[in-house]
Amino acid sequence: MKIAISGVGGFIGSYLSDYFKGVGHEIMPLHREMFQPEHQELLNGSIAKSEVVINLAGRSVFCRWTERNKMEILNSRIETTRKIVHAINHSSTKPQLFISASAVGYYPSDGCYDEFHQRKGKGFLPDVCEKWEEEAEKVSPEVRLAITRFGIVLAPKGGAFPKMILPSKVGMGMVLGSGDQSFSWIDIRDLARAMEFIMEHGKIDGPINLTAPEQITNKNFTHIVSRHYNTKVSLHLPESFLKLFLGEAAGFLLKGQCISPLKLIKEGFTFYSPNTTKFLQSLP
Numbered sequence: 001m002k003i004a005i006s007g008v009g010g011f012i013g014s015y016l017s018d019y020f021k022g023v024g025h026e027i028m029p030l031h032r033e034m035f036q037p038e039h040q041e042l043l044n045g046s047i048a049k050s051e052v053v054i055n056l057a058g059r060s061v062f063c064r065w066t067e068r069n070k071m072e073i074l075n076s077r078i079e080t081t082r083k084i085v086h087a088i089n090h091s092s093t094k095p096q097l098f099i100s101a102s103a104v105g106y107y108p109s110d111g112c113y114d115e116f117h118q119r120k121g122k123g124f125l126p127d128v129c130e131k132w133e134e135e136a137e138k139v140s141p142e143v144r145l146a147i148t149r150f151g152i153v154l155a156p157k158g159g160a161f162p163k164m165i166l167p168s169k170v171g172m173g174m175v176l177g178s179g180d181q182s183f184s185w186i187d188i189r190d191l192a193r194a195m196e197f198i199m200e201h202g203k204i205d206g207p208i209n210l211t212a213p214e215q216i217t218n219k220n221f222t223h224i225v226s227r228h229y230n231t232k233v234s235l236h237l238p239e240s241f242l243k244l245f246l247g248e249a250a251g252f253l254l255k256g257q258c259i260s261p262l263k264l265i266k267e268g269f270t271f272y273s274p275n276t277t278k279f280l281q282s283l284p
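According to the numbering used here, the sequence shown holds residues 1 to 284 in order.
Since the hints were made in silico from the structure, they are not lab data.
All C-beta atoms in this analysis are idealised placements derived from N, C-alpha and C, irrespective of residue type, glycine included.
Please note that a few of the clues may not be correct.
[What the hints assert, rightly or not] Heads up, simulated DSSO-like pairs for lysine-lysine below, C-alpha to C-alpha not over 27 angstroms straight-line: (1) Lys243 x Lys122; (2) Lys203 x Lys21; (3) Lys157 x Lys232; (4) Lys163 x Lys278; (5) Lys232 x Lys219; (6) Lys163 x Lys255; (7) Lys219 x Lys255; (8) Lys255 x Lys70; (9) Lys138 x Lys120; (10) Lys219 x Lys120; (11) Lys94 x Lys49; (12) Lys266 x Lys203.
[Stated by the list, open to error] Now the in silico label distances, taken between C-beta atoms and shown as ranges: (13) Lys120 x Glu67: 31 to 37 angstroms; (14) Leu235 x Pro37: 49 to 55 angstroms; (15) Ser92 x Glu137: 20 to 26 angstroms; (16) Gln215 x His31: 34 to 40 angstroms; (17) Lys232 x Phe116: 41 to 47 angstroms; (18) Asp110 x Lys232: 30 to 36 angstroms; (19) Gly206 x Glu41: 30 to 36 angstroms; (20) Lys163 x Asp110: 26 to 32 angstroms.
Generate the whole structure from the sequences, applying the supplied hints.
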C-alpha cells in the first residue's frame, strides 16, 4: 500500500515511516517544501498516487505560548491540513483513507470522555484542535476520514519520555503541581499499530482516541515510574514555578484529560502497553 505522510521528519512521523516500511508498505513523504505554492504539483502528484494519507504536520506545543508562537502552532496545522484536503478533493484518483492527527487536548479537563462524548474544552488547545479537525472534515465524502486524537506519545527513545523520567533516574521523582491532573498517554508502538488497525478496519471513522486504556493521574504515573527506577523521593514542582517559566503553556502540564479509547476497544484492538507497568516492563 502507498502511504503519504506529512510531518515525516518529526518524532512520530519518522517512527511511523519506519514501521510501515517494515511491514511492506511504500512511504511517500510529504516534505515541508511541497506545501509551498511553487511545489503544489509535487504535493498533488504524491497524494494522487497514494491509497492512504496521514497528516501529522504541526509545530510542537512544548514552548512558551507567546502570541507569535500560538499563531504558528495554529497556522502550521490549519494551512497544512487545508492544502492536503484541497489536493485530495481536486484529485481524480482519491485515497481510500485520510488520517488526520489531533489531540486529546480537544476534551475538557474535568470528567472522563470517550469518542461518543463530543464536549469540547475551553482555552487555546481545545480551540486549536477544533479548528484543525474542522479543516480535515472538509475532505470529500468519497474518502474515509479518521481523526486520531493523540495522548502524550511515549517511546523508549525520543519524544517526551526520556526527559520525564530523568529526575526518577537520578533519585527524585517529579510530580507536576498537585499531581491530581489526568495523564493520558500511548506507547508509540501502539500508536503505529493502531494506525495500521484503522487502515485495515474500514468501518472505523470519525474521531478516534489514541490513548492507553489506563486512566491515571500525573502523581500515580510518577510514583510507578519512580518505583521502577528504585527512587525513594518524590518532589512536587509547584504550579507557580511552572507558570513563571512557561506562562499560559503551563496549563498544558497542570491540566489533563481523562480519556477512554472506546472505539479501538470495541473493534477488538489489543494494546501492547495497556498500562504504565506494562510499558516500563517492555523498555530495553
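Exercise for review: With respect to the beta-carbon atoms only, verify the hint that Lys120 and Glu67 lie 31 to 37 angstroms apart.
Suggested key: violated, 22 angstroms
Review point. Would the pair Lys232 and Lys219 pass a check requiring their Cα atoms to be no farther apart than 27 angstroms?
Key: Roughly 14 angstroms between the alpha carbons, so the hint for Lys232 and Lys219 holds.
Point to revise | Restraint status (C-alpha distance of Lys157 to Lys232 at most 27 angstroms) | key: holds, 24 angstroms
Point to revise | Lys163 paired with Lys278 [C-alpha distance capped at 27 angstroms] | key: holds, 19 angstroms
Point to revise | Supplied distance hint 30 to 36 angstroms, evaluated on CB atoms of Asp110 and Lys232 | key: This hint holds: roughly 33 angstroms between Cβ atoms.
Review point. If you check the beta carbons of Ser92 and Glu137, does the distance land in 20 to 26 angstroms?
Key: The hinted range 20 to 26 angstroms holds for Ser92 and Glu137, with Cβ atoms some 22 angstroms apart.
Check your understanding: Straight-line Cα separation of Lys94 and Lys49 no greater than 27 angstroms?
Key -> Holds. Lys94 to Lys49 sits at ~8 angstroms (cutoff 27 angstroms).
Review point. Within 27 angstroms, alpha carbon to alpha carbon, are Lys203 and Lys21?
Key: Holds. Lys203 to Lys21 sits at ~24 angstroms (cutoff 27 angstroms).
Practice item. Starting from the range 34 to 40 angstroms, see whether the pair Gln215 and His31 falls in it by beta-carbon distance. Key: holds, 38 angstroms
Check your understanding: Given the hint that Lys255 pairs with Lys70, does the C-alpha gap stay at or below 27 angstroms?
Key -> holds, 18 angstroms
Point to revise | Holds or violated: Lys138 to Lys120, with C-alpha atoms at most 27 angstroms apart | key: holds, 19 angstroms
Review point. Hey, Lys266 versus Lys203, does the alpha-carbon distance stay inside 27 angstroms?
Key: Holds: Lys266 and Lys203 sit about 12 angstroms apart, inside 27 angstroms.
The structure fails to meet hint 13 from the earlier list, while all remaining hints are met.
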